[in-house]
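Asks: Each chain, letter by letter, is given below.
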Amino acid sequence: MEPYLFIIFGLMAVLSALMVILQKNPVYSALSLIATLGSIAALFILLKAFFLAFIQVIVYAGAIMVLFIFVIMLLNLRKDEFGPEKRKFQRLFALIFSAFFLIELFIIVRYALLGKIGKTLTIEADFGTPQAIGRLLFTDYLFPFEIASILLLIAMVGAIFLARREE
Amino acid sequence: MVPVSYYILLSGILFSIGVLGFLIRRNVLVVFMSVELMLNAANLALVAFAKEMGTLSGQVIVFLVMTVAAAEAGVGLAIIMLFYRNRKSANVDDGNLMKW
Chain A
168 MEPYLFIIFG
178 LMAVLSALMV
188 ILQKNPVYSA
198 LSLIATLGSI
208 AALFILLKAF
218 FLAFIQVIVY
228 AGAIMVLFIF
238 VIMLLNLRKD
248 EFGPEKRKFQ
258 RLFALIFSAF
268 FLIELFIIVR
278 YALLGKIGKT
288 LTIEADFGTP
298 QAIGRLLFTD
308 YLFPFEIASI
318 LLLIAMVGAI
328 FLARREE
Chain B
15 MVPVSYYILL
25 SGILFSIGVL
35 GFLIRRNVLV
45 VFMSVELMLN
55 AANLALVAFA
65 KEMGTLSGQV
75 IVFLVMTVAA
85 AEAGVGLAII
95 MLFYRNRKSA
105 NVDDGNLMKW
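Here the protein sequences come in this chain order: A and B. For the first sequence, the numbering used here begins at 168 and goes up steadily by one. For the second sequence, the numbering used here begins at 15 and goes up steadily by one.
These are calculated hints, taken from the structure and not from any lab test. Every residue gets a Cβ at the ideal spot worked out from N, C-alpha and C, and that includes glycine. One or more hints might be untrue.
The list that follows gives simulated cross-link-like pairs (lysine to any residue, SDA-like), each with its CA atoms no further than 20 Å apart [to be verified]:
| id | chain 1 | residue 1 | chain 2 | residue 2 |
| --- | --- | --- | --- | --- |
| 1 | A | 191 | B | 20 |
| 2 | A | 215 | A | 303 |
| 3 | B | 102 | A | 172 |
| 4 | B | 102 | A | 243 |
| 5 | B | 102 | B | 40 |
Coverage of chain A stretches by chain B, computed from C-beta distances (three or more under 8 Å per stretch; other residues unrestricted) [unchecked claim]:
| id | stretch |
| --- | --- |
| 6 | 176-185 |
| 7 | 268-279 |
| 8 | 310-322 |
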């Protein structure tokens, strides 16, 4: 069952990611990105990251993408303002660069990763549950956790300060 | 059972699509979405490795990455609003004040 689900959601993620960068209208791009994030949440469940899958849906697909849509609405963009890149050589260069990047990654996975790891470890019953992650967050990762809360506070103050209209 | 290398390859494909979108698109919002796509591809790789190694540390790091992504989205979208207010455009090529 897992291989089929992996193929289905992997294909969905890749196709909707392509839609994100190929759509002319940013609203459609944002909606495609929500589909990508949903597929990645499904892949998280396949990887036994249940808590993260829900956080992905709530925080990313819920909160962050609503913020995106909100800003798209506020900017009220005209059609001519989001035309594709006109310079052909730049697009060609970008395509070559990202293809090169992908090939590099394939080579790394092929020679360094494939078959090297993959010994069947015993995974605990509570792997990926909120309890297990919460226990780790409040013991080993307490300091990063507190720093993250300060970061969120600073981001909130910064966003309010930046978006404020000058008097 | 799907091997971890397939997940890493999928993550790499998503990351490359994000890089491509970042480079070819001129709309500042779509560029920002491409950055989010790259962050998610990295998260997928981290979760795949966490399952492979049998430790939860990778998942905790993904949790922290999501926190940073939320902060980044808030501040980034505020900057995009300011950019639009000052330049009356959402094209990244109009932000050329510090261009050499």
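Asks: All hints are to be evaluated individually against the structure, with a verdict given for each.
Replies: Do the hints match the structure? See the list:
1. 191/A with 20/B: At roughly 31 Å apart (the allowed maximum being 20 Å), residue 20/B and residue 191/A break the hint.
2. 215/A with 303/A: With a Cα-Cα distance of about 16 Å, the restraint between residue 215/A and residue 303/A holds, given a limit of 20 Å.
3. 102/B with 172/A: Violated, because 45 Å separates the two Cα atoms, which is more than 20 Å.
4. 102/B with 243/A: Since the Cα atoms of residue 102/B and residue 243/A sit roughly 11 Å apart, the hinted pair holds (cutoff 20 Å).
5. 102/B with 40/B: holds (15 Å)
6. 176-185: holds (count 5)
7. 268-279: holds (count 5)
8. 310-322: holds (count 7)
Of the numbered hints stated above, those contradicted by the structure are hints 1, 3, listed in ascending order.
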